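Q: We have chain U; now place chains X, R and V with the ligands onto it with these hints.
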Amino acid sequence: MTRMSYREAMRQAHREALAADPRVFLMGEDVGLYGGTYAVTKGLLDEFGPQRVRDTPLSELAFVGAGVGAALGGMRPIVEVMTVNFSLLALDAIVNTAALYRHMSGGQFPVPLVIRMATGAGRQVAAQHSHSFENWYASIPGIRVLAPGTVADARDMLVPALAHPDPVVIFEHAQLYNMEGEVPEERSADIRSAAVRRPGSMVSLVTYGGSLPKTLEAAEALAAEGIDAEVVDLRVLRPLDMDTVLASARKCRRVVVVDETWRSGSLAAEVMARIAESAFYDLDAPLARVCTEEVPIPYAKHLEDAALPQPAKIVAAARTLLGRSR
Amino acid sequence: MTRMSYREAMRQAHREALAADPRVFLMGEDVGLYGGTYAVTKGLLDEFGPQRVRDTPLSELAFVGAGVGAALGGMRPIVEVMTVNFSLLALDAIVNTAALYRHMSGGQFPVPLVIRMATGAGRQVAAQHSHSFENWYASIPGIRVLAPGTVADARDMLVPALAHPDPVVIFEHAQLYNMEGEVPEERSADIRSAAVRRPGSMVSLVTYGGSLPKTLEAAEALAAEGIDAEVVDLRVLRPLDMDTVLASARKCRRVVVVDETWRSGSLAAEVMARIAESAFYDLDAPLARVCTEEVPIPYAKHLEDAALPQPAKIVAAARTLLGRSR
Amino acid sequence: MIAVAPPPSGPVPYAKDQALALLRDMVRIRRFEEKCAEMYGAGKIRGFLHLYIGEEAVAVGALHALRPEDNIVATYREHGHALVRGVPMDSIMAEMYGKREGCSRGRGGSMHLFDAKTRLYGGNAIVGGGLPISVGLALADAMQGVSRVTACFFGEGAMAEGAFHESMNLAALWKLPVLFCCENNLYAMGTALARSESQTDLCVKAASYGVPTLRADGQDVVAVREAALGAQEHVRSGHGPFFVEFQTYRYRAHSMFDPDLYRDKGEVEAWKTRGPLHTFTARLKAEGKLTEEEFLALDREADAEVERAAAFAEAGTPEPTEDLARDLCAPEGAR
Amino acid sequence: MIAVAPPPSGPVPYAKDQALALLRDMVRIRRFEEKCAEMYGAGKIRGFLHLYIGEEAVAVGALHALRPEDNIVATYREHGHALVRGVPMDSIMAEMYGKREGCSRGRGGSMHLFDAKTRLYGGNAIVGGGLPISVGLALADAMQGVSRVTACFFGEGAMAEGAFHESMNLAALWKLPVLFCCENNLYAMGTALARSESQTDLCVKAASYGVPTLRADGQDVVAVREAALGAQEHVRSGHGPFFVEFQTYRYRAHSMFDPDLYRDKGEVEAWKTRGPLHTFTARLKAEGKLTEEEFLALDREADAEVERAAAFAEAGTPEPTEDLARDLCAPEGAR
Ligand SMILES: Cc1ncc(C[n+]2csc(CCOP(=O)(O)OP(=O)(O)O)c2C)c(N)n1
Ligand SMILES: Cc1ncc(C[n+]2csc(CCOP(=O)(O)OP(=O)(O)O)c2C)c(N)n1
Ligand SMILES: [Mg+2]
Ligand SMILES: [Mg+2]
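Protein chains in written order, with our numbering: chain U, 102 to 427; chain X, 102 to 427; chain R, -10 to 324; chain V, -10 to 324.
Bound conformation, chain U alone (with noise of 0.2 Å):
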């Protein structure tokens, strides 16, 4: 077991990746000579040189679509996209490009990039800064998304991504880069399956990524008053390990799914949605939902804390489905 940040976590699967495979490189505004805007990127330039570590114009239609076209041409791009916020400008080379070029060429033409980018809120950073839009991505057929929850996922997702034949989205909350952990020796190379972080058996709270401390923290308070709740984190958007979830579904027969995208059209209703559609008679109580109210976000702190999901409301939530007034 060793202790480092979420953002070391990030770094450190780079470094290795780089060293692993000479197809591997990395591009993205102000990834090397700045450091990375979040600092993951910090050394990299220093260690694998410009042509590696590649900082790009303000261009994020043109270099994720030329990720898609290096990947196409036979490296493995890691291309980072500052935040999701400014992947709205590159959205046609993912969803037209990247995820049906294998599928359109009738097989012959797979792209194997990862696109990389922080998303999330609680920053102060204001409306167009504090986007999620996981439920869009993972929306979207013939890529693959992943959400590391946790600093062992941060740094253990980006190898197998980068071996996945298939554009893979990683969303890296960007409240979580400071996140401290331990991570054990063994690498896992698992990008397909969601986890149960906290074993329960009264309710089921169904998150990921930015969410997930304050689901398990959450968790912890609802112990605190007799209620045992399992969290499952489901680490891979899509495709969604739905047995995971549903397995913990008909354990607890009641789920709040907790999801920093906005409430209506958010991921928690896809999870919500196969609930109903395969759990339906496991249930004792409606399916429930903690999400982002549906305002732009504002920038004073005690606006931007009313629109987010928070433990407390993770807890309210779940003491109605228990039929707990309090």
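Derived from the structure by calculation, the hints contain no laboratory data. Heads up, a few of these hints could be off.
Just the calculated beta-carbon pair ranges, DEER-fashion [unchecked claim]:
id	chain 1	residue 1	chain 2	residue 2	range
1	X	Asp122	V	Glu311	34 to 40 Å
2	X	Asp383	R	Ala304	52 to 58 Å
3	U	Val297	R	Ala304	53 to 59 Å
Because the structure is a prediction, the values reported are computed rather than measured. Each residue gets a CB set at the ideal place from its N, CA and C atoms; glycine is no exception.
A: Okay, now just chains X, R and V with the ligands, sitting in the frame of chain U:
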């Protein structure tokens, strides 16, 4: 009652809107001299001139953003983005400007903009030209999303959309343009409620847009086997009129949502989540949906048909909920 | 109506074989597309169909200047490029019939012809969509020390897209081996160049990125080939990207849905006097490099190839519906 | 390290009052932002904070050349623009404190200052995001026959974005009254111009759209104002858009999160010799248009205004949480 096509109804709506308010103008690719890709705007250039019917360069991001600016500047623009497929290139202007300027400016800068786009598959134009992203748009706070599924709605929704003080996105399913229908003399200004298109009692089929005709066809087929299905046309995809949907769900106690977006993260998922939250105890069966298979839409007719929602699939889903094998 | 230059003329600086090879490919494209139009009418081909008729000299001249190891990125108007590149006509027609034997297994249709063997990285139906991909392909080659040119074809209308701006800058900034081939047929659907670009001199636009440019008569297969030859040499020898504007014209409507009401019929007729096939044929005959018999023979061969392709496509098998999701992702555990 | 020109010098062609008005606004911005940095340290201001320190002459000179009825579109580095435009310093500081009295009711913060009264259409935090909006604002004026200039400010880094390309073309094609003001401070976060643009002469890029251009020393408020004056005259008189490059430099890091490791400290120091405040002050003194006492008085006024603003912000009220969704949409039935 007069009979006209969905296309003619749309064109009439444009003509009336342009004639009624000098602030209204239309811009988009080939809306003028070419007559509109789907001939919706044919003749408008001659009638209203190049100032008010503007052909734009291939610059989706700029002309949609310019629509936002023109709305801020006192005009009432109708921006036609030829198809939803290309709207990905303009998403930043819609998400980060149109949808949030009123809120982020503390109420100072509303954006009275109408954006129209053709959507959907079914014409063998292959993956890049067959997308449906109504689910994504319907998840954006600050905008209203409409999906006229009848000839009358095609005629009647544009004018109230232009009168609405906030951005409105109108989805026109490309398969509907040739559909003919009777329209009453009197106009409706309703851009807030869903409509029951076919009353029924045994299963509620909730749908919108291009899937409405297919769903009505399925309802007829079900009637032939003694299954009395209700068909709810959402009409307004954001904000959803859940009163109408929940009333139908409570009455029929069984719900199938029909939606052409890809199954995972579909608009159907949101409707199901809302029902699972609010009408759980009123249901006699699991919730079900008929959506697009999770693949890029293929060119070959038989594969495209297999990928899309079809009456037979809707009928099968309804039967299953009612425990009818056959 | 834009004034039209006199028809291409003058000596053809190629040996007979080479000259006939160029002519043959132009005729193959023409006959193939005439058949496509016919089969569209017959309902065998559906969806969007964008014909290249009138523009054949561009794909033929440019691709004959390139090498088998080069990469090609094209648009939805790419039948000609696929044919010249050597994608079997059978598999192209089968694709347009939506058959499993098609070069994209029937998934793509007319706008999405793919072929790994000839390094055809697809027709792309998003205007400007191919530009960033070509930059990335060239980047991969540069990083792997492979000497290869990536030729990216796009229309003049695509130059208004942000994708063009970002891609040109990236290719020039990183000195990548991209040959930008602009097929300027004067219209983007119904929108004439002057109605969509404040600067109608496309070479001036391209030069603003510090990229060398060249303009060529796209109706003259010789002029096209010579321009492309010089340009690809520059790119191949490591001097970075090059931009060539091929001035051409489409004789048919934009697509089968286009009523073609936005241009003067006289303009179309005037451009037909510059037809790439008949003008080249005339020049070869004048030089004694082609006899009428030889032309008819070559034309018959093309017709025969087209008929074989149509028969092959007709006899093709539909992909089983169970295989709808085939090739969506790699099979489990693949690498 | 880029060679640095000598400090701005020479006579100031303005009457004393006018000259002092320019100086006063530069000092107001400087003092305001120094206070912002202090309050950021104190935790009163959060999120992203992009200081304009070193670039004051650009907003001051350019906006003093415009009229009250003109539209302004700015970036996330827009405190100076808001102040010069006449947005009360109180409401700007209150915004940065996240208070309801803020010019955006605490919704926007430093990057999103909005003010309808002075026609400030916001700071925009998407690089290049303001460009299409400015084109639309100008289009609305043109269509309504209003004589008004829309000034759009953006950094040189934004010129690599597709949004720049598409917006320039649209504005030029439709001859719209947009004054494009490029604040070229040589860096986009940590990326120097030459590392992000194949063509580093930004006027050449802009000219490729057929738009007239001008370059001005952004550290010299006189040069800025004169350039802007000529440019806005061109735009206002209906000749279409104009592009001005203001060559400037930011003395502070990109944002409060930036370790500023990508540029030579010597370069920063060299640029400080061209400081817009001290060089202008010196010139005025040399001409006898400013005494030390006058300067100190003006400086004190600015300090006092800043302190009042901070006190106002501190005393401001938080928006009630129940009003979170206020102003998301128009109240029901509104028009
Ligand atoms: C991003 C995008 N916008 C719009 C369209 C619709 N469209 C298809 S082809 C075309 C015209 C393109 O013109 P040009 O680039 O000159 O190529 P040409 O068709 O003339 O060969 C348009 C507008 C599209 N396919 N993609
Ligand atoms: C579309 C987009 N991409 C990336 C960013 C992150 N970012 C914020 S400011 C900035 C640098 C912009 O440089 P420039 O345009 O020169 O303006 P300056 O900050 O120098 O004033 C970047 C990369 C962003 N806000 N928007
Ligand atoms: Mg064209
Ligand atoms: Mg800059």
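Q: Next step is simple, just say for each hint if it's right about the structure.
A: Tested hints:
Look at Asp122 (chain X) against Glu311 (chain V): about 36 Å separates their beta carbons, and that is inside 34 to 40 Å. Our hint of 52 to 58 Å for Asp383 (chain X) and Ala304 (chain R) holds, since their Cβ atoms are close to 56 Å apart. Between Val297 (chain U) and Ala304 (chain R), the C-beta spacing of about 55 Å keeps the proposed range 53 to 59 Å intact.
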